[in-house]
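Peer 1: Here are the chains, one letter per residue:
2 protein chains.
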Amino acid sequence: MNLRTYLAQHKALVEQRINEYLSADGMPANLHKSMAYSLNAGGKRIRPVLVFAGAEAVGGDIKRVMPLAVTLEMIHTFSLIHDDLPAMDDDDLRRGKPTNHKVFGEATAILAGDALLAEAFWILTKASPACAPALVLDVICDVAEASGARGMTGGQVFDMEATGKALTEAELENVHRHKTGKLLSVSVVGGAKLCGATDAQLKALSIYGAAIGLAFQIADDILDIEGTEEEIGKDVGSDVDAHKATYPAIIGIEAARIKERCLVDEAISALAIFDDKADPLREIAKYIVDRKT
Amino acid sequence: MNLRTYLAQHKALVEQRINEYLSADGMPANLHKSMAYSLNAGGKRIRPVLVFAGAEAVGGDIKRVMPLAVTLEMIHTFSLIHDDLPAMDDDDLRRGKPTNHKVFGEATAILAGDALLAEAFWILTKASPACAPALVLDVICDVAEASGARGMTGGQVFDMEATGKALTEAELENVHRHKTGKLLSVSVVGGAKLCGATDAQLKALSIYGAAIGLAFQIADDILDIEGTEEEIGKDVGSDVDAHKATYPAIIGIEAARIKERCLVDEAISALAIFDDKADPLREIAKYIVDRKT
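If you read the sequences in order, they're chains D and G.
Each step along the first sequence adds one to the number in the working numbering, with nothing skipped, and position 67 is 1067.
Each step along the second sequence adds one to the number in the working numbering, with nothing skipped, and position 143 is 1143.
Fair warning: there could be bad hints in the mix.
Since the list gives no way to pick one copy over another, a pair counts as held whenever it fits inside one copy or between any two copies.
[What the hints assert, rightly or not] Taking lysine-lysine and the DSS-like style, the derived pairs with C-alpha atoms no more than 25 Å apart in a straight line are:
#, residue 1, residue 2
1, 1203, 1126
2, 1033, 1165
3, 1277, 1097
4, 1286, 1165
5, 1044, 1011
Hints listed in this document are in silico derivations from the structure and should not be mistaken for laboratory results.
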């Protein structure tokens, strides 16, 4: 398989549908604009792609998991809008474009994030009629946990508390497992779950998701040091400037590289029970550490 | 029936359980503190009481709707935390206590609001095993819509856009139907829905909910002018000072009084198909315009 083609096709699939799902109907026009601005600001759409690849790995249909794919991209976008706020990371640029609050003002940016989170659950509930209600409920439960205080939002707090402090490797891992790991894991597991995966399959995909989530973060930390500004879409070395704890800073860049390769091996090993329908997941794991953006 | 006793008992019921539901397990300690601070800051708990009264009106069991009651109080609390932020209403006090961001800082307050919204969906999904999955999904869908861009969050945007402008009565009504009306309506309708209400019952409760939601807001506007600071827990006339559009300002205080009584009559008429198990709902409608806080 050609991963580049796979990623481009699956990214296009979700981008075609995301604006249909985010209907302006019944919303204040400016709020809709603000939500759509950040939702259409590009990005790798890695969570939707993982939803699709998780569904395909168990022989499922992509159409069935489209609402979950859109939902997770909305939740990811909500977190970016709030992370960029002046009270948080105070970023002016995101993927080379002005951040949401720079364009729409702080109040609207806060509310656009809030609305994306609520809308995500609305879509997941409303647009999944092909799935058994008990399965959808189970996935909503996973998504809510991975988004909230025990997941991504909690991870942002751990991250804030860590800034400027000397963290151990275990503490840094705790930040990332919450901040990005759980939602990435829910992407691949949720996609498979909605397509009737077995418990053994879900367990394997959960190990895969956790491993690539962490590998992804380590790769990001390395890119922050070694990438070019054009490649990574923000200032090179901005993590260092912000005194953020990173893997290269804590364990050294060589050890960080070894750790990310280890995690990729772990992710691929976990997929041993799957046939070649899981090849996209295997290729995605390898891509994570080889990517340049 | 004695409404005062009813309100006190049902408020106590949800307050006993709300901290059990908001388990600190797996959350950053400070985030949990911030969430719990606002959740335990008092208030009338009108949404949980409406959930209970809606369930009782159709002969349902309060235990079955406890997760929904807690969920809606969490969503209400999330909206208060975000509304109070410097970028929004910039309030230092809420119910006589320092607002969340004054105690925990702006970043944590934003994240505590986010986490309460996610947690609300988690609890609704996780803690409703006694209900049919399809019913729970239906209620989650209603709650998400009433919380997001088509409901409360959209209403906050309409409200912001209205500040300092001369609104028509219809425009003001649009603000309130979104900002408070939809979530109040979902409270009473959702409680009944989880207990197996018929379509006719749900339709009646929906009319009831919309009418008392608006009456509640008009009563608030009147209280802002006529209440004492001790009664209403904020500065008297603060809406006037903030150049907020209010019913008394637009249609005059006498017309506002007539309108709120009309809405209460409409709410009570909608309950005609119910027996005396809907008496708490009838009394709550009357109480809304007679209350002093």
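Peer 1: Out of the numbered hints, which ones does the structure contradict?
Peer 2: Violated hints: 3, 4; rest satisfied.
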